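Chains as they are written, first to last, in our numbering: chain V, 1 to 215; chain B, 216 to 448.
Hints in this document: simulated from the structure, not taken from any laboratory.
Values in this document were obtained by computation on a predicted structure and should not be read as measured data.
A hint or two may mislead.
[Said to hold, decoys possible] The calculated label-pair distances, taken between Cβ atoms and stated as ranges, are: (1) V:S79 to B:W447: 32 to 40 Å; (2) V:T179 to B:D341: 41 to 49 Å; (3) B:V430 to V:S154: 50 to 58 Å; (4) B:K235 to V:S154: 50 to 58 Å; (5) B:R362 to V:L184: 25 to 33 Å; (6) V:E215 to B:N345: 20 to 28 Å; (7) V:S79 to B:Y223: 26 to 34 Å; (8) B:I446 to V:K53: 45 to 53 Å.
Using N, Cα and C, we set each Cβ at its ideal position, and we do this for glycine too.
One letter stands for each residue in the lines below.
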Amino acid sequence: MGVRERIAKRAAQELIDGMIVNLGIGIPSLIPNFLRNRRILFQAENGVLGIGKSPAKGEEDANLCNAAGYPVTVVSGASYFDSATAFAMIRKGLIDVTVLGGLQVSEQGDLANWLVPGKRVPGVGGGMELAQKTKKVIVVMSHVNKDGEPKIVSTCSLPLTASRCVDLIITDRAVMEVTDEGLLLTEIMVPYDVKDVISHTAAPLRISNMLKCIE
Amino acid sequence: MTKVRNEYGKIISIEQAVEKITDGCSLMVGGFGGVGSPPSLLQAIFDKGVQQLTLICNDTAFPHIGVGPLVSQGRVKKAIVSHIGSNPIAGKRLHEGTLEVEFCPQGVLVERIRAGGAGLGGILVDIGVNHEWLAKGKQTIEVDGKRFLLELPLTADISLVYAKKADPFGNLIYDKSARNTNPLVAMAGVMTIAEVEEIVPLGELDPEEIVTPGVFVHYIVQSYGVNWKWIWE
Numbered sequence: 001m002g003v004r005e006r007i008a009k010r011a012a013q014e015l016i017d018g019m020i021v022n023l024g025i026g027i028p029s030l031i032p033n034f035l036r037n038r039r040i041l042f043q044a045e046n047g048v049l050g051i052g053k054s055p056a057k058g059e060e061d062a063n064l065c066n067a068a069g070y071p072v073t074v075v076s077g078a079s080y081f082d083s084a085t086a087f088a089m090i091r092k093g094l095i096d097v098t099v100l101g102g103l104q105v106s107e108q109g110d111l112a113n114w115l116v117p118g119k120r121v122p123g124v125g126g127g128m129e130l131a132q133k134t135k136k137v138i139v140v141m142s143h144v145n146k147d148g149e150p151k152i153v154s155t156c157s158l159p160l161t162a163s164r165c166v167d168l169i170i171t172d173r174a175v176m177e178v179t180d181e182g183l184l185l186t187e188i189m190v191p192y193d194v195k196d197v198i199s200h201t202a203a204p205l206r207i208s209n210m211l212k213c214i215e
Numbered sequence: 216m217t218k219v220r221n222e223y224g225k226i227i228s229i230e231q232a233v234e235k236i237t238d239g240c241s242l243m244v245g246g247f248g249g250v251g252s253p254p255s256l257l258q259a260i261f262d263k264g265v266q267q268l269t270l271i272c273n274d275t276a277f278p279h280i281g282v283g284p285l286v287s288q289g290r291v292k293k294a295i296v297s298h299i300g301s302n303p304i305a306g307k308r309l310h311e312g313t314l315e316v317e318f319c320p321q322g323v324l325v326e327r328i329r330a331g332g333a334g335l336g337g338i339l340v341d342i343g344v345n346h347e348w349l350a351k352g353k354q355t356i357e358v359d360g361k362r363f364l365l366e367l368p369l370t371a372d373i374s375l376v377y378a379k380k381a382d383p384f385g386n387l388i389y390d391k392s393a394r395n396t397n398p399l400v401a402m403a404g405v406m407t408i409a410e411v412e413e414i415v416p417l418g419e420l421d422p423e424e425i426v427t428p429g430v431f432v433h434y435i436v437q438s439y440g441v442n443w444k445w446i447w448e
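Sequences and hints are given; from them, build the entire structure.
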């Protein structure tokens with residue numbers, strides 16, 4: 001299993017029966033592969049509630065896609081609606097969990113995931129609404145960036161998507177909860193150890209007395 | 216073109232429709248990553264060589280899909296969108312200064328379009344109310360102790376939408392996730408042109424299933440169908 005799959009597999013454990021869930025693009029889109037027989041309704045910002053498996057090759061419907069523009073199917077009980085209705089659901093707080101990618105997360109749970117000044121200006125899409133309004137925000141990302149710099153920091157240097165919005169961070173090295181007292185390290189992904197995680201995190205970490213290692 | 220009676224004079228050819236779209240106009244286009252964007256109208260606008268457009272759309276699609284070619288080929292001077300991430304050429308043009316982009320969070324953008332189509336003077340949203348970049352220059356309004364940003368409505372000279380079926384009055388139904396921003400865009404145009412897969416006789420659509428009432432739709436054109444290759448193909 002690749003690093004991205006391991007992160008997705010861990011994130012999948014956060015999703016339980018009856019939840020309404022919105023998944024971002026990238027690693028989050030791998031999460032459904034790790035869910036079995038679960039009654040979870042996936043929502044997409046373009047206007048679908050109840051997204052199912054990816055269609056078999058040759059059975060794609062160009063008019064049935066997720067927010068990233070890739071073909072999907074729907075489950076029993078699904079509905080179609082316009083994008084304003086999709087965001088009504090989001091702003092009203094009807095989404096239980098969203099799993100988003102991240103460029104930086106601060107110890108207060110601030111999220112930066114939309115802009116690298118002078119490099120990439122893709123625009124925020126629906127990330128701002130999802131980060132600000134979803135009941136539980138999970139960020140999945142690599143622990144360090146391409147230059148080896150920590151992505152978990154005391155204060156984000158990149159422009160924020162939303163402040164104090166992240167509840168849980170899952171990386172290729174660790175799982176951390178955002179608490180009122182800062183970040184709580186709860187799980188370590190083997191082969192990494194506590195020392196390694198601390199040295200690659202640019203924010204103070206408290207270590208849970210229930211700390212677990214994940215194979 | 217069709218054996219349906221043109222009782223309201225709204226059914227026109229693609230060529231007649233494109234005559235109405237001229238240099239410098241504001242153009243609002245339905246669709247989300249190109250899904251649900253009107254392919255034949257966009258192709259005809261491109262072929263006509265219309266320039267200096269102000270484009271309002273969820274996104275700039277992909278370079279060869281939906282509104283993408285208009286942006287890639289420099290026909291758009293300003294885009295009001297939620298993201299340009301799927302169209303690297305839009306990013307390049309923004310960077311070199313040949314494209315102005317007003318970014319708006321997706322949910323705020325569609326609600327501004329809805330407000331424009333619903334005759335409202337603005338909307339109050341708390342999305343990004345403390346955001347250094349999004350809140351900049353916007354009026355803040357306090358209601359019951361909560362702070363909101365005043366976001367202004369969006370309308371356009373011409374709205375273009377893509378629907379599955381229309382009747383001669385312009386009542387529209389859509390197809391699955393190709394509905395996306397189309398019902399909102401349909402309401403917000405000073406003039407709205409609907410490109411549809413099928414035009415059916417008056418009375419054939421069940422009033423219960425109609426998503427966009429025809430009163431919002433000025434013209435109807437028959438689509439030739441999608442003429443681009445999807446990213447997943």
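Against the structure, the hints come out as follows:
no., hint, in the structure
1, V:S79 to B:W447: 32 to 40 Å, "violated (23 Å)"
2, V:T179 to B:D341: 41 to 49 Å, "violated (24 Å)"
3, B:V430 to V:S154: 50 to 58 Å, "holds (56 Å)"
4, B:K235 to V:S154: 50 to 58 Å, "holds (56 Å)"
5, B:R362 to V:L184: 25 to 33 Å, "holds (31 Å)"
6, V:E215 to B:N345: 20 to 28 Å, "violated (41 Å)"
7, V:S79 to B:Y223: 26 to 34 Å, "holds (31 Å)"
8, B:I446 to V:K53: 45 to 53 Å, "violated (19 Å)"
Checked against the numbered hints given earlier, this structure breaks hints 1, 2, 6, 8; the rest are met.
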